[in-house]
Amino acid sequence: MSAKTGYNGLQIGLHWLIAALICTNYLVSEGMEDAFDSMVEGEGGAEAASALVTNVHVYVGLAVLALAVLRLIVRFASGAPGAPGVPGSLGVMLAGLGHKALYLLMILVPALGAITWYGKTETTADAHVIAMNVMMLLALGHAVIAIFHQYVLKDGLLARMVRPE
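If you're matching positions, the sequence shown starts at 464 in the working numbering and goes up one per residue.
Derived from the structure by calculation, the hints contain no laboratory data. It is possible that part of the hints are untrue.
Simulated pairs of lysine to any residue, SDA-like, Cα-Cα distance not exceeding 25 angstroms [unchecked claim]:
hint : residue 1 : residue 2
1    : K583      : S492
2    : K563      : Y489
3    : K467      : L535
4    : K583      : V491
5    : K563      : F611
6    : K563      : A529
7    : K563      : L553
8    : K467      : A590
9    : K617      : L603
10   : K467      : K617
11   : K467      : A622
12   : K467      : I578
13   : K467      : L621
14   : K563      : G469
15   : K583      : L530
16   : K467      : L560
17   : K563      : A590
18   : K563      : M624
19   : K467      : G554
20   : K583      : D500
21   : K617      : L557
22   : K467      : I536
23   : K617      : M556
24   : K583      : G469
25   : K563      : T487
Note that the structure is a prediction, hence the values are computed from the model and not measured.
Given only the sequences and the hints, what does the whole structure look like? Please build it.
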């Protein structure tokens, strides 16, 4: 059996769909604290635009959670190509840790958000926000490293997440 050199179409589709949904939720997160406080305090009368943004944020978060779990299942079933570089090197180990952290956060962030929203639990709200910011920083680093590999090292790394194997 030869080593896997790329991702299949489902893996690529899930990657980009989850990335788009996470970015969407980050952009529409403004006002969620006020919406949460209003909900907990039992205040109604949220403006239609505010209610729409709140619903988008909550349901997109649930979609990210479900799709991230599906993505993990597909990854275990389909496998994934190894990180470029010398196996066991610091760069390869950091790439593995970075990917594991991103997978963990893709599940943890929306889970914390759901616990906060549906459980009306303020204690998890700050953890949700902190975890989201950490995830966004890791995702930014992930993107920068992929672009560096593609255009500076010219090793074709980015193509693995564009063209199905």
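Cross-check of the supplied hints:
no.	hint	in the structure
1	K583 to S492	holds (17 angstroms)
2	K563 to Y489	holds (21 angstroms)
3	K467 to L535	holds (17 angstroms)
4	K583 to V491	holds (20 angstroms)
5	K563 to F611	holds (20 angstroms)
6	K563 to A529	holds (17 angstroms)
7	K563 to L553	holds (15 angstroms)
8	K467 to A590	violated (37 angstroms)
9	K617 to L603	holds (20 angstroms)
10	K467 to K617	holds (19 angstroms)
11	K467 to A622	holds (14 angstroms)
12	K467 to I578	violated (38 angstroms)
13	K467 to L621	holds (15 angstroms)
14	K563 to G469	holds (18 angstroms)
15	K583 to L530	holds (24 angstroms)
16	K467 to L560	holds (20 angstroms)
17	K563 to A590	holds (19 angstroms)
18	K563 to M624	holds (17 angstroms)
19	K467 to G554	holds (19 angstroms)
20	K583 to D500	holds (9 angstroms)
21	K617 to L557	holds (20 angstroms)
22	K467 to I536	holds (17 angstroms)
23	K617 to M556	holds (21 angstroms)
24	K583 to G469	violated (42 angstroms)
25	K563 to T487	holds (22 angstroms)
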